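The whole structure should be built from the sequences, with the hints applied where relevant.
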Amino acid sequence: MVDHETPRRAEARPFRRLLTGLLLAVVAALASTALLGLAGWFIVRSAQSGLATTSPFSWFYPSAGVEALAVVRTTARYGERLSTHRATLDLLARVRTRLFSAASRLPAARMRGLRSGALLDRVHADVDTLDGAILSVAVPGVVCGVVAVGGVAVLAIVRPVFGIAGGVVLLLALAADLGISLGSRRLGERLAAQRSAAAARLVEAMDGRAELASFGAVGLAARELRERFDALAVPRRNLTAREAAGTAVIAVGRVIALGCVLAVGTGLWGRPVDPAVLAFVVLVTAALFDAATGLGSAGQAFAEARVAWRRLREVAAVGFTRPTDTDPDTDADTDADTVAEAVPGGDLTLRDLVAGYGGTPAVEITSLDLPRGTFAVLTGPSGAGKSTLLSVLAGELAPTSGSAKFGEFELPVLDYPRRVATVTLVEQDSGILSGTVADNLRLARPDATADELAQALEVAALSGAVELSTEVGPAGAHLSGGQRRRLAIAQAYLRRPRLLLLDEPSEGLDATTARVVLANLRAALPHTTIIAAIHDRTFAHLPLVPDTAISLRPDSDANFAVSDCSISTATGHPTP
Amino acid sequence: MTQDVVVRRRSQDRRFQERRFRQRGRAVALAGRRPRARTARSWLATTGRHGRPWFLAAAAADLLAGGGTVGVGWFLAGLITGGLRGGAEVTGQAGELSGLAVCGAVVAVSLFTADRLAAAGARRVEARIRARLLDTLLGADGSAERVTPGSAVTALADQVPRLGEYFRGYQRAAVAAVAVPALILAAAFPAAWVVGVLLMLALPIVPVNMAVTGLGAEELSRRQLRQIDRLSRQVLERLQAMSTLRALGALGTQRRVVARAAAELAARTSAVLRVAFLASTALEWVSTFAIGMVAMYTGATLLGYVHVPLLPVRLGDRQGVFALLLAPEFFLPLRRFAAAYHQRQDAVAAAEPIASLLDPPAGAPALDGATARRAVWSDRAPRVVLDRATVRFGGRSRAALSGIDLVIPAGHVLGVAGPSGAGKSTLLRVAGGWLAPDEGRCLVEDTPATDAPRALLLGQRPYLFAGTLADNLTLGGQGISRTRLWEAIELAQLTRVVDGLPDGLDTVLGERGWGLSGGEAQRVAIARGFLSTARFLIVDEPTAHLDAATENALIEPLRRLLHGRTALVASHSAAVLAVADHVVEIREGLLHG
Chain P
1 MVDHETPRRA EARPFRRLLT GLLLAVVAAL ASTALLGLAG WFIVRSAQSG
51 LATTSPFSWF YPSAGVEALA VVRTTARYGE RLSTHRATLD LLARVRTRLF
101 SAASRLPAAR MRGLRSGALL DRVHADVDTL DGAILSVAVP GVVCGVVAVG
151 GVAVLAIVRP VFGIAGGVVL LLALAADLGI SLGSRRLGER LAAQRSAAAA
201 RLVEAMDGRA ELASFGAVGL AARELRERFD ALAVPRRNLT AREAAGTAVI
251 AVGRVIALGC VLAVGTGLWG RPVDPAVLAF VVLVTAALFD AATGLGSAGQ
301 AFAEARVAWR RLREVAAVGF TRPTDTDPDT DADTDADTVA EAVPGGDLTL
351 RDLVAGYGGT PAVEITSLDL PRGTFAVLTG PSGAGKSTLL SVLAGELAPT
401 SGSAKFGEFE LPVLDYPRRV ATVTLVEQDS GILSGTVADN LRLARPDATA
451 DELAQALEVA ALSGAVELST EVGPAGAHLS GGQRRRLAIA QAYLRRPRLL
501 LLDEPSEGLD ATTARVVLAN LRAALPHTTI IAAIHDRTFA HLPLVPDTAI
551 SLRPDSDANF AVSDCSISTA TGHPTP
Chain H
1 MTQDVVVRRR SQDRRFQERR FRQRGRAVAL AGRRPRARTA RSWLATTGRH
51 GRPWFLAAAA ADLLAGGGTV GVGWFLAGLI TGGLRGGAEV TGQAGELSGL
101 AVCGAVVAVS LFTADRLAAA GARRVEARIR ARLLDTLLGA DGSAERVTPG
151 SAVTALADQV PRLGEYFRGY QRAAVAAVAV PALILAAAFP AAWVVGVLLM
201 LALPIVPVNM AVTGLGAEEL SRRQLRQIDR LSRQVLERLQ AMSTLRALGA
251 LGTQRRVVAR AAAELAARTS AVLRVAFLAS TALEWVSTFA IGMVAMYTGA
301 TLLGYVHVPL LPVRLGDRQG VFALLLAPEF FLPLRRFAAA YHQRQDAVAA
351 AEPIASLLDP PAGAPALDGA TARRAVWSDR APRVVLDRAT VRFGGRSRAA
401 LSGIDLVIPA GHVLGVAGPS GAGKSTLLRV AGGWLAPDEG RCLVEDTPAT
451 DAPRALLLGQ RPYLFAGTLA DNLTLGGQGI SRTRLWEAIE LAQLTRVVDG
501 LPDGLDTVLG ERGWGLSGGE AQRVAIARGF LSTARFLIVD EPTAHLDAAT
551 ENALIEPLRR LLHGRTALVA SHSAAVLAVA DHVVEIREGL LHG
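Chains P and H are the protein sequences, given in the same order. Just so we're aligned, residue 1 is where the first sequence starts under our numbering, counting upward by one. Just so we're aligned, residue 1 is where the second sequence starts under our numbering, counting upward by one.
Think of the hints as simulated: they come from the structure by calculation, not from any bench. Misleading hints may appear alongside valid ones.
[Stated by the list, open to error] Derived DEER-like restraints, expressed as beta-carbon distance ranges:
id : chain 1 : residue 1 : chain 2 : residue 2 : range
1  : H       : T483      : P       : A523      : 54 to 62 Å
2  : P       : E452      : H       : G479      : 56 to 64 Å
3  : P       : A523      : H       : V407      : 38 to 46 Å
4  : H       : R441      : P       : E467      : 38 to 46 Å
5  : P       : R237      : H       : D499      : 21 to 29 Å
[Said to hold, decoys possible] Partial selection, computed: residues in chain P whose CB lies under 8 Å from chain H:
id : residue
6  : I43
7  : A70
8  : L202
9  : M206
10 : A221
11 : R226
12 : A233
13 : L414
14 : D415
15 : R418
16 : H478
17 : R515
Small disclaimer: the values here were computed from a predicted structure and weren't measured. All C-beta atoms, glycine included, are put in the ideal place defined by N, C-alpha and C.
See the structure below:
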């Protein structure tokens, strides 16, 4: 049913629901106000009629009116709550998805810097906090506005001074509530920061618990986490106290307004009104403040939602700044990933290429030419810039200067859909999702047949070790390091890229297996240019004959030990 | 049609569950286990005991507030009827006014106190649950895959606060729901007994309401929780694998997976809310009608229109108004209780996974913190014996280890070679006591490895915590002097790395050791080994990420570290294996050499 809806209708659905909810909320609030006014008037009029028994008065119609209003109020409130909550939940689900998309556009280096636990906390807690903006601010705000305008108007019709008293006191009370909530933004901000830090630490500790246990540091980690989570109670309590203060301010306002109205109405100040009318006026005034009570926590909710929104934007805004992407994810419903054609490709030509992180060049290549279909091995010690060079070729890292052309196409500025259709990079620490081996392989090619998947396992020399239906466990925990490595290679094979970049493909593999896997890849992808970055040491033991071996060496005048650090200033030069 | 949907959803759930069981093998997921709800309820009751004095005090304060409300009604009625009769005789009203003020103050103060008391009690209970949960989660090192970090975040950041909400509201509301209406009835009967009877007639709605809520809400809440857990695991996993997904061009499909999970969560939350709203609406309807009846009766009697046999013909003005004012107050605690009862359904659903984790039902495998509590093997090097040890992982046809017989004499270093995936890591996990063999046994000295003092693990992927480098080296160990620290750094050849860091030893590292390369992280792990007093080490691919020069320089320190200690060293590197006194090879789970 939902599937047949046009995207536009689906897009608008939460907003329509929200509008319906707002209308129902207004109906409920007006019915409630009318109910109180009518009931007050009716009771006092009844009492008066009873006291003066001669008065001809029908009690049937007013009492039926009260009951009818009560039914309308209750029913409308049910519908209101249902539709506003549903609309809010749908909108939040949308925000969650968008956030995930934004995170997917973060540059790899930035992604590593953002702690994944903190990001998860944002996806959950911050998004949840946003609901306050709708449910605690927008809905009661609209309700309070309508009831206030209508109620004050009715009071003013009875006698202008009632309208003025009710309206002024209401405004003052709301202003005071706003004043109280001003400080809560900082509190909300602190709470959110503390909470996400605690979640991030928890994820870290969970990931490292085997080691923690072996070093006997579990108790310490648990204590630190306990303290972090317990500390959240302090800002939480302060926020609650402010919320209570806001509600109390409205309650005080109600008492003052009622006092004013009573003082005027009973004749203490000015001319008294008919007791039945007074009862009506008193109860309408009370209803006015009832509607305002819904706004008591609005200030806090708004402040918290704003903090959450800002924090979400931090992630999203960073995501949108990636210039070389023709944004594959702007619209949640498009799937630009798989539709693009690969660029024709050709020879790989690097000229005066300089690249590095944080402005420090990690690799410098004056000139390098690889004909199409070359199998090249990139060797060198740690820190020589092998991974950096691969990142540039994969388009994940913008070079400081120079050019890297694949055929006629400049790789660093190629748009994401075409780039990903052309180049595949197998990173050192490749990610694996829980599910079966087949699930993970289909990440690379969703429409692959079982035969193609089996063939991919064959190429990666995995067919004996795992089956397509083997469950890999969370993050591939059921697989050994070498199997994870080969699964990543099988994925890359399924992409059938024109340019295949392998970062330490032999890691965790014994020399024989590594040679078999690389030879299979070469045979299976004869027209693909393959560049494999392999440690000097490993390469020395590999019975491997590539078409070309490119050796990246740290600068002769650079200190070797320093160049071993990834944060160093080492520069690599290819030696032919 | 609705039933059809429910049935279909159930079967989907079951399929999901089955799949999860396949996935985890023998391990049990945090959210996957489902003990009887009764267990969760009794667990809630037991856990709540730690805050009981606070909750009872809060209920007492609520009762006081109820008394105050009755007083407010009485004095307000007097003011209203007095005003009607005598117009502006302010002097006669002074007593009523001050009574109203006093009672109003009592209500405000006791409600405020009750809130604070209940919150304090809930905080205590929450902190206690959190502390136990953390100990259990982090202590369960033997089965890293049992509870995922995403599930842990959900449990601590989402489920525990839910329990807190419940403790804050429920017990107090349960007492108030019985005591306050009773108090109001006691006040209403002498004033206008017909009103009392009318109110009592409305009472049966409460159990009916609770039954309706209880019927569906618990299962719905449970599904919602499961969806939250699933969403959080899916999202965390995808965030961690993000750059791979991007490289594979799988972002679009994965975004749809997340979108589906998020939409599903919205639908499930909505289902929970629908039941809750329906229950409170029903209660509101009944209370509205009851109040309407009371109002009609009072109005008609005051008018003198009603001449029903047996009913009083006239009603005192003040009594009539008083009874009318009390009617809404009669339903207020009941409504609050209905809301809290829904919270209870929610809490039971949230408590199930937590309870099964903390107090596993008899027969279920416990996630114990035994390894963490065990002392490290430090006085002497142990002798390690594997006796036909066999390990099978769920979902795989071939045993990961089959019938391994091995004796490692005290103080010997055993090298373990073999192709990837042959079972090296599994053998190491068995010997270290993190994994119990399915068949056969593994003894350290004469104790099963899983119960023996623990071995020190130098892992394949060393974990660096967010914190300073010094903290990462000492792992919180007290009394390690800077001199010893620098010794270990020197031995692990980290000196120049530390010198190159902006703040030296006090440089703050990020998650997964941002700022250090893989090789450097590995050397930090080796330095940790030098700082430890352990005499039994498990070393898994110590040089996997190091280049030739660093590896060669590490062989000698590693030899020194392992000297006189019992150790198992898995590696592909001939140079590392040369450190071992004896080398065995594992192929397809079988021992060679």
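Hint check:
{"no.": "1", "hint": "H:T483 to P:A523: 54 to 62 Å", "in the structure": "holds (57 Å)"}
{"no.": "2", "hint": "P:E452 to H:G479: 56 to 64 Å", "in the structure": "holds (59 Å)"}
{"no.": "3", "hint": "P:A523 to H:V407: 38 to 46 Å", "in the structure": "holds (45 Å)"}
{"no.": "4", "hint": "H:R441 to P:E467: 38 to 46 Å", "in the structure": "violated (30 Å)"}
{"no.": "5", "hint": "P:R237 to H:D499: 21 to 29 Å", "in the structure": "violated (46 Å)"}
{"no.": "6", "hint": "I43", "in the structure": "holds (6 Å)"}
{"no.": "7", "hint": "A70", "in the structure": "holds (4 Å)"}
{"no.": "8", "hint": "L202", "in the structure": "holds (6 Å)"}
{"no.": "9", "hint": "M206", "in the structure": "holds (4 Å)"}
{"no.": "10", "hint": "A221", "in the structure": "holds (6 Å)"}
{"no.": "11", "hint": "R226", "in the structure": "holds (5 Å)"}
{"no.": "12", "hint": "A233", "in the structure": "holds (5 Å)"}
{"no.": "13", "hint": "L414", "in the structure": "violated (13 Å)"}
{"no.": "14", "hint": "D415", "in the structure": "violated (13 Å)"}
{"no.": "15", "hint": "R418", "in the structure": "violated (10 Å)"}
{"no.": "16", "hint": "H478", "in the structure": "holds (6 Å)"}
{"no.": "17", "hint": "R515", "in the structure": "violated (12 Å)"}
Checked against the numbered hints above, the structure violates hints 4, 5, 13, 14, 15 and 17; every other hint is satisfied.
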